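Peer 1: First to last, the sequence lines map onto chains A and B.
Our numbering puts the first residue of the first sequence at 1, with every later residue one more than the last.
Our numbering puts the first residue of the second sequence at 886, with every later residue one more than the last.
Simulated from the structure, these hints should not be mistaken for lab results.
Check before you lean on any hint, since a few could be wrong.
Heads up, simulated DMTMM-like pairs for lysine to aspartate or glutamate below, C-alpha to C-alpha not over 25 Å straight-line [claimed, not checked]:
1) Lys154/A with Glu1002/B
2) Lys579/A with Glu695/A
3) Lys984/B with Asp878/A
4) Lys154/A with Glu221/A
5) Lys819/A with Glu968/B
6) Lys754/A with Asp956/B
7) Lys971/B with Asp730/A
8) Lys1013/B with Glu434/A
9) Lys184/A with Asp956/B
10) Lys1012/B with Glu433/A
11) Lys148/A with Glu990/B
12) Lys736/A with Glu964/B
13) Lys739/A with Asp956/B
14) Lys185/A with Glu990/B
15) Lys625/A with Asp956/B
16) Lys1012/B with Glu434/A
17) Lys1016/B with Asp878/A
18) Lys148/A with Asp956/B
19) Lys736/A with Asp956/B
20) Lys882/A with Glu890/B
21) Lys971/B with Glu825/A
22) Lys882/A with Glu964/B
23) Lys625/A with Asp730/A
24) Lys158/A with Glu1002/B
25) Lys819/A with Glu975/B
26) Lys971/B with Asp878/A
27) Lys154/A with Asp956/B
28) Lys1020/B with Asp878/A
29) Lys1016/B with Glu433/A
30) Lys154/A with Glu990/B
31) Lys739/A with Glu964/B
32) Lys819/A with Glu964/B
33) Lys1013/B with Glu433/A
34) Lys739/A with Glu968/B
35) Lys1018/B with Asp878/A
36) Lys158/A with Glu990/B
37) Lys30/A with Glu54/A
38) Lys1012/B with Asp878/A
39) Lys1016/B with Glu434/A
40) Lys148/A with Glu1002/B
Quantities reported herein were computed from a predicted structural model and do not represent experimental measurements.
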Amino acid sequence: MGMGIRKAIYIPFSQGTPNIYTIDKEHCPKLIKDKCGLCEKICPTGAINYQQKEQEVQLEVGAIVVAVGFDSFLPRSLTNLGFGRYKDVVTSLQYERLSSASGPTGGHLVRPSNGEEAKRIAFIHCVGSRDVKNREFCSSVCCMYATKEAVIAKSHNKEIDTTVFFMDMRSFGKEFDQYILRAKKDYGVRYIRSKVSSVSQSNTSDRLTLRYSTEEGPPEEEEFDLVVLAGGLHRQTGSSEIAELLGIELNRYGFCSTIPFDSVETGKAGIFVCGAFQEPKDIPETVTQSSAAAARVSALLRPPRCKPAEEGAYPPEIDITKQPPRIGVFVCRCGTNIGDFVNVPEVVEYARSLPYVVYAEENLYSCSQDAQERIKDKIQENKLNRVVVASCTPRTHQPLFQETLRQAGLNKYLFEMANIREQCSWVHMSQPEEATQKAKDLTRMAVARAQILQPLVEVPAEIIPKGLVIGGGLAGTTAALSLAEQGYKAYLVEKEAELGGNFRRLKFSLPLDDDPQKYLQSLIEKVESNDLVEVYTEAEIKEVAGFIGNFQTTVLHKGKEVKLDHGAIIVATGGVELKPPEYLYGKDERVVTGQEFEELLARDDGRIGESRAIAIILCVGSREKERPYCSRICCLHALKTALKLRRGYPDLQVFIIYKDIITYGFKEEYYRRAREEGVIFLRYDDDHKPSLLKEGDRLKLTHRVQALGGEEIVLYPDMIILNAAIIPRDNSSLAKMLKVPLTGDGFFLEAHMKLRPVEFATDGVFLCGLAHSPKSAEESITQAHAAASRAVSLLSQTTIEAPAVIAEVDEERCRACGKCVEVCEYSAPELVDVGEGRKAARINPLLCKGCGACPVLCPSSAITLRHFTSGQIISMIDAALKVAT
Amino acid sequence: MPEFEPRIICFACNWCSYPGADLAGVSRIQYPPNARIIRTMCSARVSPVFVLRAFQQGADGVLVTGCHIGDCHYISGNERAEENIKRTAELLDLLGIGKERLRLEWVSAGEGGRFAEVMTSFVEQIKKLGKLKLKEI
Chain A
1 MGMGIRKAIY IPFSQGTPNI YTIDKEHCPK LIKDKCGLCE KICPTGAINY
51 QQKEQEVQLE VGAIVVAVGF DSFLPRSLTN LGFGRYKDVV TSLQYERLSS
101 ASGPTGGHLV RPSNGEEAKR IAFIHCVGSR DVKNREFCSS VCCMYATKEA
151 VIAKSHNKEI DTTVFFMDMR SFGKEFDQYI LRAKKDYGVR YIRSKVSSVS
201 QSNTSDRLTL RYSTEEGPPE EEEFDLVVLA GGLHRQTGSS EIAELLGIEL
251 NRYGFCSTIP FDSVETGKAG IFVCGAFQEP KDIPETVTQS SAAAARVSAL
301 LRPPRCKPAE EGAYPPEIDI TKQPPRIGVF VCRCGTNIGD FVNVPEVVEY
351 ARSLPYVVYA EENLYSCSQD AQERIKDKIQ ENKLNRVVVA SCTPRTHQPL
401 FQETLRQAGL NKYLFEMANI REQCSWVHMS QPEEATQKAK DLTRMAVARA
451 QILQPLVEVP AEIIPKGLVI GGGLAGTTAA LSLAEQGYKA YLVEKEAELG
501 GNFRRLKFSL PLDDDPQKYL QSLIEKVESN DLVEVYTEAE IKEVAGFIGN
551 FQTTVLHKGK EVKLDHGAII VATGGVELKP PEYLYGKDER VVTGQEFEEL
601 LARDDGRIGE SRAIAIILCV GSREKERPYC SRICCLHALK TALKLRRGYP
651 DLQVFIIYKD IITYGFKEEY YRRAREEGVI FLRYDDDHKP SLLKEGDRLK
701 LTHRVQALGG EEIVLYPDMI ILNAAIIPRD NSSLAKMLKV PLTGDGFFLE
751 AHMKLRPVEF ATDGVFLCGL AHSPKSAEES ITQAHAAASR AVSLLSQTTI
801 EAPAVIAEVD EERCRACGKC VEVCEYSAPE LVDVGEGRKA ARINPLLCKG
851 CGACPVLCPS SAITLRHFTS GQIISMIDAA LKVAT
Chain B
886 MPEFEPRIIC FACNWCSYPG ADLAGVSRIQ YPPNARIIRT MCSARVSPVF
936 VLRAFQQGAD GVLVTGCHIG DCHYISGNER AEENIKRTAE LLDLLGIGKE
986 RLRLEWVSAG EGGRFAEVMT SFVEQIKKLG KLKLKEI
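Required output: the full structure, derived from the provided sequences and hints.
Peer 2: Written as structure tokens, this is what we have:
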């Protein structure tokens, strides 16, 4: 990004995988003018190859997934914002580098112009987005990332003043509004609803002057040290070439077009799309959509099904239980990374002196392929039964070495690592003696633990290749069909008599010519004609037993109990529209909810034709103290209704009364259209909600107009539409049955909001639709495919290995106090009868996650956590504190 | 006389604090070399027994690190750790070791800098307290 200096051979990302060097072919003297060549000469492993060329590879495939992403928008054309003219005007990506510990300033927020600390930072939203002339769409992610960046500045130094200049706060994702509230309240980030007209620098000051106008008053000016432009997501460079090559359509912004209600289907058979190339989107939606694309490919390519790769055949495991420990220690130089700061030969020599160590050596790279062969040889030669590698972090390299042990016939749990790179050579670079001493200590600790490591067995359990889908709304029905289309039996349980849920009540969509009911009809027909889907309507879940791969669920179906066995569960219990307790709802029949009005509109209810003015109020029950979240679809619903009304009833006045208009992605276009077609937008804020009273026979709506200095206007609409919040169903009992958590708002809480958006932390249970959070029909469909995709990746394995690092109970010592049952978040321990009227705790190995909370709290020391036993941890403590000689 | 160099045992959880320490390394953030890190899957695994053992074996300080509240890989393990460490600290006061020699800190996987800061400040704190002299029992 031109912010710092790097060499022509460099590591692109410090946390990248693989974390290796690459050559910048535009700047490498060897590649440009055949000079230098130093890296080839000094590379100890001979990894440099200047002759490497691009190769053409031909692959025969049955499906293609296009995931070419986006380009970040560089605000060069926006000269009024000073980018390119002033060094202290940076893009958000440059700011990310400035605030990153591995960035050019080591994470110090300084002004690029003079290196001084930035004390006042401005963030300008919608740079290159929502610009009717050039890029009309909303980039969907900038509101949140700019807030995150402001919070980073604040947590870096509370004294930094951060101001966010925004148009609408589009915090529409799950728990996003709460994040904004925290940014305001806990961090003191200042938000100004405004439009910034210019950034300039006067002759007298080196600070930047930002000129902006708010709704209320005349333009204002403020000075800042650093201005961050929250640039949007732009079409991928070369997207037209890609589209032409694949024969797929692009929309007018250069992103990939998709068919109605289906965000991954390009319209060309066998070619699917996912990620920001389809529409700008955040991480969870991207991860979800990629899983959805995978589901579609999986359905298309079957049969024959791709089987999971066969495991490499391992030699039979050597029984070491009766052998005394024979430990081999391999100390890695990691090139110069360890070797330059830690005296590796000294560590090796020291390792040889430790008890039970029968072999020790150093490696240039212990992780290299030839080193694996060497380790295997040395295991055999020296009859090693424990291996210690002193190198880097076990979090990345332990699996590799464990694989080597398995290939040499050793159980993989007979391995231990000492992290002498991240914990020694890299953090004590100027203290080689101390670093070496610490490396010896860490090696001694690892050897001490290795002596008492025990082999562990991962018991395989069979997986029942069937899925249960709870909820037969749009998401659940789609998920069940997706499972079936991928070749797996799906049980679909719905409490109503018909499938479809809320989607049954959706009569129109945007664009207005898409027909939701036609889509639903065809979906239900597909489900009914697919033998692999077994539908239970008027049914509910009574009990869920079992665990990943092996669930037994009791369903109450039309008064009768049905027992179903299955390997995975998809939760799709949906949500409901709030019945608002305000705005005369329920007291005056002219006040209706959005969902109710849609039905009136669909049947051309006479009251609409008689009306002269209709007002739609947004955020009714959403984004308020009681429900601090955005219901995500109400804005678009309002625009849809307004456009439909303006077209069907040209004389009717339509008002939309809103807090922020949240038309993310390409939906922004409908916001413009509604304005063009004469819909009147009136904004309110939390402190001044509109009031609705009955005045005689009329409905009197009073609204305070911010732009007129708080002056009030009064409307007399004939009907009021309340676009009310989407609220979760009462999920508490199902959540308990499935041992999955809920959010504070009552929606289900997934394993990881960004990276594991459709699965629960409880293995084998997945999530989609409104039960997860408010979302559009198209988003529900995508998420349903994603959940099915994740479920199939489980169901397609025939067996699952139960984790071996788990707690176990010594039933003789257990006094059945129930402490472990109480503390466990996963209900792994339960009290069972062990005969003679005695009870004891027993831990289900398939539910235990191996956290180790229960052994600590067990008052009778009856619980052991395998692989992290008290004895093993104490051996390390003792070894660490033994005075080294 | 050379400056007193305290001996410290640091427990780090597998999901946040241990990777936080890794990130300090990857980012080459320097900190004093006094501590020896022991990895546990969760901070809830750190038993009062381990803490007492460390002091008995000659540690001058014990630092326990885990995920920030709300971020625990095991939902609420760090809340357990908080309770366990609080009670252990009381015990340390009772034993005359002093609760200042035990510290619990939250360090996320992305907070390499914070890991180094915590380590530096804890070493400083223990240096000020001086070498631990266990009371005769």
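Peer 1: Does each hint fit the structure? Answer for all of them.
Peer 2: Cross-check of the supplied hints:
In summary, the hint linking lysine 154/A to glutamate 1002/B is supported, as the alpha carbons are separated by about 17 Å, within the 25 Å threshold. A threshold of 25 Å between alpha carbons decides the hint, and for lysine 579/A with glutamate 695/A the separation of about 23 Å falls inside it, so the pair holds. Between lysine 984/B and aspartate 878/A the CA atoms are separated by roughly 21 Å; this keeps the pair inside 25 Å, and the hint holds. In summary, the hint linking lysine 154/A to glutamate 221/A is supported, as the alpha carbons are separated by about 23 Å, within the 25 Å threshold.
A C-alpha spacing of about 14 Å is found between lysine 819/A and glutamate 968/B, which places the hinted pair at or below 25 Å, so the restraint holds. With a C-alpha separation of about 13 Å, the suggested pairing of lysine 754/A with aspartate 956/B holds against the 25 Å cut-off. Taken as a hint, the lysine 971/B and aspartate 730/A pair is broken in the structure, with Cα atoms around 36 Å apart against an allowance of 25 Å. For the suggested pair lysine 1013/B and glutamate 434/A, the alpha carbons sit about 21 Å apart, so the restraint of at most 25 Å is met.
Annotation: proposed proximity of lysine 184/A to aspartate 956/B holds, straight-line Cα distance about 21 Å (limit 25 Å). The straight-line distance between the Cα atoms of lysine 1012/B and glutamate 433/A is roughly 20 Å, inside the 25 Å bound, and the hint therefore holds. Of the pairs offered as hints, the one joining lysine 148/A and glutamate 990/B holds, with about 23 Å between alpha carbons and a cut-off of 25 Å not exceeded. Of the pairs offered as hints, the one joining lysine 736/A and glutamate 964/B holds, with about 21 Å between alpha carbons and a cut-off of 25 Å not exceeded.
Between lysine 739/A and aspartate 956/B, the direct Cα distance comes to roughly 18 Å. Compliance with the 25 Å bound is thereby established for this hinted pair. For the proposed pair lysine 185/A and glutamate 990/B, the alpha carbon gap of about 24 Å is at most 25 Å, so the pair holds. A C-alpha spacing of about 24 Å is found between lysine 625/A and aspartate 956/B, which places the hinted pair at or below 25 Å, so the restraint holds. With a CA separation close to 17 Å, the supplied pair lysine 1012/B and glutamate 434/A stays within the 25 Å bound.
Restraint check for lysine 1016/B and aspartate 878/A: the C-alpha separation of about 18 Å stays at or below 25 Å, so the hint holds. For the suggested pair lysine 148/A and aspartate 956/B, the alpha carbons sit about 17 Å apart, so the restraint of at most 25 Å is met. In summary, the hint linking lysine 736/A to aspartate 956/B is supported, as the alpha carbons are separated by about 21 Å, within the 25 Å threshold. Pair hint lysine 882/A plus glutamate 890/B holds up; C-alpha atoms about 15 Å apart against a cutoff of 25 Å.
Distance hint between lysine 971/B and glutamate 825/A is fulfilled; the C-alpha atoms sit about 21 Å from each other, no more than 25 Å. Between lysine 882/A and glutamate 964/B, the direct Cα distance comes to roughly 32 Å. Violation of the 25 Å bound is thereby established for this hinted pair. Restraint check for lysine 625/A and aspartate 730/A: the C-alpha separation of about 20 Å stays at or below 25 Å, so the hint holds. About 17 Å separates the Cα atoms of lysine 158/A and glutamate 1002/B, which keeps this hinted pair within 25 Å; it holds.
Proposed proximity of lysine 819/A and glutamate 975/B is supported: the alpha carbons are some 22 Å apart, at most 25 Å. Restraint check: the Cα-Cα separation between lysine 971/B and aspartate 878/A comes to about 23 Å, which is no more than 25 Å; the hinted pair holds. Between lysine 154/A and aspartate 956/B the alpha-carbon distance is near 20 Å, which keeps this suggested pair within the 25 Å criterion. Only pairs whose Cα atoms come within 25 Å are accepted, and lysine 1020/B paired with aspartate 878/A is accepted, the gap being roughly 20 Å.
For the hint linking lysine 1016/B to glutamate 433/A, the alpha-carbon distance of about 22 Å falls within 25 Å, and the restraint holds. A distance of roughly 20 Å separates the Cα atoms of lysine 154/A and glutamate 990/B; the hinted pair therefore holds under the 25 Å criterion. Distance restraint check for lysine 739/A and glutamate 964/B: the Cα-Cα separation of roughly 19 Å lies within the 25 Å cut-off, and the hinted pair is therefore satisfied. Restraint check for lysine 819/A and glutamate 964/B: the C-alpha separation of about 16 Å stays at or below 25 Å, so the hint holds.
Restraint check: the Cα-Cα separation between lysine 1013/B and glutamate 433/A comes to about 24 Å, which is no more than 25 Å; the hinted pair holds. With a CA separation close to 24 Å, the supplied pair lysine 739/A and glutamate 968/B stays within the 25 Å bound. The hinted pair formed by lysine 1018/B and aspartate 878/A meets the criterion: a straight-line CA distance of about 18 Å does not exceed 25 Å. As the CA atoms of lysine 158/A and glutamate 990/B are separated by approximately 20 Å, the hinted pair is consistent with the 25 Å bound.
Proposed proximity of lysine 30/A and glutamate 54/A is supported: the alpha carbons are some 17 Å apart, at most 25 Å. Among the hinted pairs, lysine 1012/B with aspartate 878/A is consistent with the structure: their alpha-carbon atoms are about 21 Å apart, no more than 25 Å. Taking the CA atoms of lysine 1016/B and glutamate 434/A, the gap is near 19 Å; set against the 25 Å cutoff, the hint holds. Using a Cα cut-off of 25 Å, the hinted pair lysine 148/A and glutamate 1002/B holds, with the two alpha carbons roughly 22 Å apart.
Hints 7, 22, counting from the list given before, are not met by this structure.
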